[in-house]
Amino acid sequence: MPDDNNLTDLSGEILLDEENETSSSSPIEETNTDPASATPKIESAEEFESVSEDRPVDKKTPSIFSSLYYYPKGIEFSGQESNEEIILLIRRSFVTNIPWISMVLLFSILPILLIPFYSFLLPLDEIQPPTRIFLLSFYYIIIFGLAILKFALWFYHVSYLTNLRIIDFDVHGILLRDVSETRLKLVQEVKYTQNGFFQSLFNFGEVFVQTAGTVQNIEFDKAPNPQKIARIIGDKIGRRLK
Amino acid sequence: MFDTFINIDLFIRFLLLVLVAIYGFFAIILTFQINVLDKMAHQVRSSLTIMLLSFINVAASLILLIVLILSL
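Chains A and B are the protein sequences, given in the same order.
In case it helps, the numbering used here puts the first sequence at residues 8 to 249.
In case it helps, the numbering used here puts the second sequence at residues 25 to 96.
These aren't lab readings, by the way, just hints derived from the structure by calculation.
Please read all numbers here as calculations on a predicted model, not as lab measurements.
It is possible that part of the hints are untrue.
As the list claims (entries may be wrong) - In silico DMTMM-like links for lysine to aspartate or glutamate, alpha-carbon gap of 25 Å or less:
no., chain 1, residue 1, chain 2, residue 2
1, A, K198, A, E92
2, A, K66, B, D62
3, B, K63, A, E133
4, B, K63, A, E188
5, A, K243, A, D228
6, A, K80, B, D33
7, A, K157, B, D62
8, A, K192, A, E213
9, A, K67, B, D62
10, B, K63, A, E83
11, A, K157, A, E92
12, A, K157, A, D132
If we strip away everything but chain A, and leave its shape as in the complex, we get:
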């Protein structure tokens, strides 16, 4: 049943194949009216429902902040087979980065906020100006490094749906990661959950891919637009999510 969710959410974008457009007209892209090659951008869930999920004519490279992308270009992963094509790129919703981004911004302006209290906190009279500059530089280098670490943990925590399998790269820490994969033919069921106010507000949740037998189940945690992901995977395995 179509919903009112806009696909262009905070966390990413889904670009699908353009079909013979009849009514859609993007203000950004010039649409081609040729039925054989028309590729209008999908703007609404209703259009998503009616659009074929065939491979798009022009694949595009996702941005560095993309958390959901359909048929992305310029992506490779280890163990990728020669005839394997990535259909869906899934990361945790970008909204999940807000806590650490807020912390980084707060610590960045903290030295400015604490200016009136420096004389109480540090023996400034005994620290020469060059040393103060070194201290401040080191402080900001640490903040910068922390931001890079947090972003890399989000960026490389990624899952791919390909034409052959589902692969899940879980990065729990910079030195701790695990990889799960399952062939599409072993997938039995796909379901998703959205719990809580923030998940509903920002439209992200968990997608569970249940596999047959003793093969490990796969979970996409905090994935954006979980209902669309479940629907795409369900279509690929030949079942529609009820």
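Following the hints, position chain B against chain A.
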């Protein structure tokens, strides 16, 4: 009192030198691990940006380390 003033400043610089050296070591590890993660899941242009930022992080810590050593 003048001797105390110099000692505290030198002490802080020396302590900072040690901390920057330790941080530089972790920054190098971070860069290597990002490189390993990128081989696992590579994305054109975006991966290059992240690796460049990690190199900048290492370079900044090394520059600060060198400046601290020279200033002692």
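Subject >> Those earlier numbered hints the structure runs against, lowest number first >> reply: 3, 6, 11, 12
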